[in-house]
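Peer 1: Letter by letter, the chains look like this.
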Amino acid sequence: MKFSVTVQQQDFDVSQLCGALQGSNSEVGGLATFVGVMRSSNAGTALRSMRLEHYPGMTEASIRDIIQQAGERWPLLACRVVHRVGDILPGEQIVFVGVAARHRGEAFQACEFVMDYLKSQAPFWKKETTVDGHSQWLDARDSDRQALGKWRRD
Amino acid sequence: MIKVLFFAKLRESLDCAECSVPLEQTTVAELRAGLIEEGGEDWQQALGASNVLCAVNQAIARDDHPINSGDEVAFYPPVTGG
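Keeping their order, the protein sequence lines are chains D and U. The first sequence: position 102 = 103 (the working numbering), numbered continuously. The second sequence: position 18 = 25 (the working numbering), numbered continuously.
Please keep in mind that the hints were generated in silico from the structure rather than gathered at the bench. A few of these clues could be false.
[As the list claims (entries may be wrong)] Under the rule of at most 35 angstroms between Cα atoms (straight-line distance), these lysine-lysine pairs were calculated in the DSBU-like manner:
#, chain 1, residue 1, chain 2, residue 2
1, U, Lys16, D, Lys151
2, D, Lys3, U, Lys10
3, D, Lys151, D, Lys128
4, D, Lys3, D, Lys151
5, D, Lys3, D, Lys128
6, U, Lys10, D, Lys128
7, U, Lys16, D, Lys128
[Claimed, not checked] Residues on chain U that point at chain D, a partial pick, calculated with CB under 10 angstroms:
#, residue
8, Lys16
9, Cys23
10, Glu25
11, Val28
12, Gly41
13, Gly55
14, Ala62
15, Asn64
16, Arg69
17, Gly77
18, Gly89
Remember, it's a predicted structure, so these values are computed and weren't measured experimentally. A virtual CB, placed ideally from N, CA and C, is assigned to each residue, including glycine.
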C-alpha cells in the first residue's frame, strides 16, 4: 500500500488527489473518498470562521499510523489524507481521505475507518468564531469516540 | 532539560505555549503534578482537569510513562479534527 499524509493551510483539489491516488496502477478497481466541509452554523449559531491548530510532527505520525492500521485490516492499494489547518471559512473543504483498492468493499470500509479514527485520535483542535465575533474551542464529541465501536473485532 | 508543549485551549488557559523543565528523569504524572504546584490555582484548574491528554516524544502516553531529559512532552485537550 502506498500512502501519504499532508497537513497544509492551502485548499486541495479533489480530482487531482483522486488522479494521483489511482496513478498508473491498473489493479485499482475502486476509489472511495470523503471530504469534510465546514458548516456555516453550530447549534443554531451562525459562524464566521474556524481556526484549526495541530501538533506538527505528531499529527502526521498519528494519521500515518491510522492508515497503516487500515492497511493491515484490508487489502488496500493506496491511501491519501490531506487535512487543512489555519483559517477556514464556512463551505470550505477541511479534510480529504481517499482510498484505492481492487474492490469497493475494502475501499469504502477503510475510508470510513480512517476518518473515524482521525476524528478521535489525530491531534487537531478547532476554534470557531461566530458572526458576532465570539470565539470558542470545540469540545470533543462522545459520538465520535463511540463511532470507533463499530470497528472493534471481537 | 524536558521540553513541555501546551496546545489549544490548554495553552490559552495557562497562557503558555512552551516551557522547559530541568529534570533528568520523571513520569507524566509527576511532571504534571510538579507543573501544577509551581503554577498555582490556574494551572491546577486547567492542567489538573481529568480530560487532559499527554504525549511523550509525539506518542500518546499514560500517567506512568517515563520521561527523560531531552524528551518532548505535550499536554493537550481532547482532539477535534476532521
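Peer 1: A separate judgement is required for each hint: does it hold in the structure or not?
Peer 2: Hints, verified against the model:
1. The straight-line distance between the Cα atoms of lysine 16(U) and lysine 151(D) is roughly 30 angstroms, inside the 35 angstroms bound, and the hint therefore holds.
2. Annotation: proposed proximity of lysine 3(D) to lysine 10(U) holds, straight-line Cα distance about 34 angstroms (limit 35 angstroms).
3. Restraint check for lysine 151(D) and lysine 128(D): satisfied, since their Cα atoms lie roughly 28 angstroms apart, inside the 35 angstroms limit.
4. Using a Cα cut-off of 35 angstroms, the hinted pair lysine 3(D) and lysine 151(D) holds, with the two alpha carbons roughly 25 angstroms apart.
5. Straight-line distance between C-alpha atoms of lysine 3(D) and lysine 128(D) comes to about 33 angstroms, which keeps the hinted pair within the 35 angstroms bound.
6. Restraint check: the Cα-Cα separation between lysine 10(U) and lysine 128(D) comes to about 25 angstroms, which is no more than 35 angstroms; the hinted pair holds.
7. A hinted pair counts as satisfied when its Cα atoms are at most 35 angstroms apart, and lysine 16(U) with lysine 128(D) qualifies at roughly 9 angstroms.
8. Here the hint on lysine 16(U) is kept, as its CB sits about 4 angstroms from the closest CB of chain D, short of 10 angstroms.
9. With its C-beta approaching chain D no nearer than about 15 angstroms, cysteine 23(U) sits outside the 10 angstroms limit, and its interface hint is violated.
10. Annotation: interface hint on glutamate 25(U) violated; nearest CB of chain D at approximately 12 angstroms, more than 10 angstroms.
11. About 18 angstroms separates the beta-carbon of valine 28(U) from the nearest beta-carbon of chain D, more than 10 angstroms, and the hint is not met.
12. Interface hint at glycine 41(U): violated, since its Cβ lies 22 angstroms from the closest Cβ of chain D, which is beyond the 10 angstroms cut-off.
13. Annotation: interface hint on glycine 55(U) violated; nearest CB of chain D at approximately 18 angstroms, more than 10 angstroms.
14. A distance limit of 10 angstroms between C-beta atoms decides the matter here; for alanine 62(U) the minimum to chain D is near 6 angstroms, and the interface restraint holds.
15. For asparagine 64(U), the interface hint holds, the least distance from its beta-carbon to any beta-carbon of chain D being 9 angstroms, beneath 10 angstroms.
16. Given the 10 angstroms rule on beta carbons, the hint for arginine 69(U) is violated: about 15 angstroms separates it from the nearest Cβ of chain D.
17. With a cut of 10 angstroms, the hint placing glycine 77(U) at the interface with chain D is violated, because the nearest CB-to-CB distance is about 15 angstroms.
18. Satisfaction of the interface hint for glycine 89(U) is found here, the shortest Cβ-Cβ separation to chain D being roughly 4 angstroms, below the 10 angstroms cut-off.
Against the hints set out earlier in the document, violations occur for numbers 9, 10, 11, 12, 13, 16 and 17.
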